[in-house]
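Novice: Read off the chains here:
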Amino acid sequence: MDKPLIDVKDLRIRFHGAQRSHDAVRGVSFTIGREKVGIVGESGSGKSLTGRSLLKLTPKGAEISATHMRFKDIDLLSASEREMRKIRGNHISMILQDPKYSLNPLMRIGNQIVEAYRLHHKARPGEAKAKALAMLEAVQIRDPDRVFKLFPHEVSGGMGQRIMIAMMLIPEPDLIIADEPTSALDVTVRRQVLTILDELVTRRGTGLMFISHDLNLVASFCDRVLVMYAGRIMEDLPASELHNARHPYTQSLLESLPRLDVAVENLTVPVRDPSWLDGPVYRNGELA
Amino acid sequence: MKPTRALIEAIGLSISFGAKHARTRVVDDVSFRINKGEAYGLIGESGCGKSTILRALSGLNSDYDGALTLTDKELPKTRSKDFFRRVQMVFQDPYGSLHPRKIVEKVLAEPLAIHGIDRASERIAETLDAVGLGPSFRYRYPHELSGGQRQRVAIARALITEPEILLLDEPTSALDVSVQAEILNLLRRLRIERNLTYLMVSHDLAVIAHICERAGMMYKGKIIEELTSQQIRQSQARQDYTREFLQATIEAVARRDEAVA
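So the sequence lines, in the order shown, correspond to chains Y and P.
Sequential numbering of the first sequence, starting at 1, is according to the numbering used here.
Sequential numbering of the second sequence, starting at 1, is according to the numbering used here.
Some hints here could point you the wrong way.
[To be verified] Listing some non-contacts, in silico: residues in chain P with all C-beta distances to chain Y over 10 angstroms:
{"hint": "1", "residue": "Asn35"}
{"hint": "2", "residue": "Gly66"}
{"hint": "3", "residue": "Gly116"}
{"hint": "4", "residue": "Val179"}
{"hint": "5", "residue": "Val207"}
{"hint": "6", "residue": "Arg233"}
[As the list claims (entries may be wrong)] So the derived list for chain P, only partly shown, Cβ under 10 angstroms to chain Y, looks like this:
{"hint": "7", "residue": "Gly18"}
{"hint": "8", "residue": "Ser46"}
{"hint": "9", "residue": "Gly47"}
{"hint": "10", "residue": "Ser51"}
{"hint": "11", "residue": "Pro142"}
{"hint": "12", "residue": "Glu144"}
{"hint": "13", "residue": "Ser146"}
{"hint": "14", "residue": "Leu175"}
{"hint": "15", "residue": "Glu182"}
{"hint": "16", "residue": "Ile208"}
{"hint": "17", "residue": "Phe245"}
{"hint": "18", "residue": "Leu246"}
Keep in mind the hints are simulated off the structure, nothing from the lab.
Source: prediction; values computed, not measured.
Using N, Cα and C, we set each Cβ at its ideal position, and we do this for glycine too.
All chains should be modelled from the sequences, with the hints used to inform the complete structure.
Specialist: Okay, structure coming up:
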């Protein structure tokens, strides 16, 4: 296997409070190559924070420490703000949850995509526009010429998210971090957006870090799944091996979903065991 | 199913929004009936009008055509106070539906005061207990509660007037998957214990199939067909759109099925 894009070892994120500090992420290690990696966990498990720390977009009060945190050969820990600006968008880009809040409401959609492209590539306006139109077509927007001139409030949620994907893919990044990209969308639209994302990511050989609380979705979409609980990775395993999950938390998450094929009287409620906080973790079905 | 009298019935319900020339019909000639003790679901993608029906039924929107009946009596456009005691609603977002500056006790005491129900203090304690929150939650503010706990408070607030009917507007879609199971179990248990009738709106088929016996599939403001939970599970749909919708959900769970098997 070639060198991973992201190599993180023993990542810790701490928030300092007035009386006591709180560790939101406690010793997380993982690598991401040119593959689709899903990070699953409930709210507060530190999954979004982990994703954001790769771009150093964590809130001001957060203190990041790690043994190492590398993107290709760049050390992200010691990178200056100036170097980070070169990485953001250009090498690592991020798709956020809700297109309603992440697009500029005062700028036409086309111009936002052109801006994303020209920020990272030397291109004449005409050339960039052609590129943006092609990109809109790639995310299966019919009539890209019309959509190019629209404002964000004039498009639906599913279309907005496809525009976000177009904007994030146009600088041709090596890695995309998608933070709950479909949780604001409908079931029917969700599949469409995921299919597009999957196709583009696979074709370009981009790495994808897919953050979600929906184990179900991640299992069907990603190659590898990391299950996070209380700031630690409880289990790291290939998505196809999910049925062999060893950690009780992963098992209970799987069992807690209502199922279409079998009717059950009562759903299993995931139990949370305080001993997991420092208990054993599993990698590929083995104790790590 | 034995022929019982319908508790709630909608007959030719149509709802339109917008000014005269730009009026769009959001709900178009919808009819359904729900028997006492039954749980009925409305499924569909966003914008198909399922929440609009709920808002019309609950009295939040009186601008509709057609008739809504409760125990064979047509409901007046302006609902009576008694109606609001018998029919209660649980909203989608527990972060938005609780007053941020009122403690749980006050949230629960208000409906009791409005309807002049006695034994307020005991009732609050009983209802909190019924939704699985201990007495320690009584004096907390919403910001001190997790999403799942807030939704329990919202359910408690709906239950405290001892209603017959609960209207549920996507009660778990703002919650984590791991918390969803708790709330769904709670809703199932409460329905049996208190002989409640549910009208539930969701876009999650698995949730509807778990809670409801029957469901109406909505598309562009119409109920295009009615399915039993058994038919949903076995993907027995007559309409193409329903089949597509079922497919979209089933494909997403395909991998899990082989995983759990």
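Novice: Please list, smallest to largest, the hint numbers that this structure does not respect.
Specialist: 4, 5, 6, 7, 10, 11 and 12
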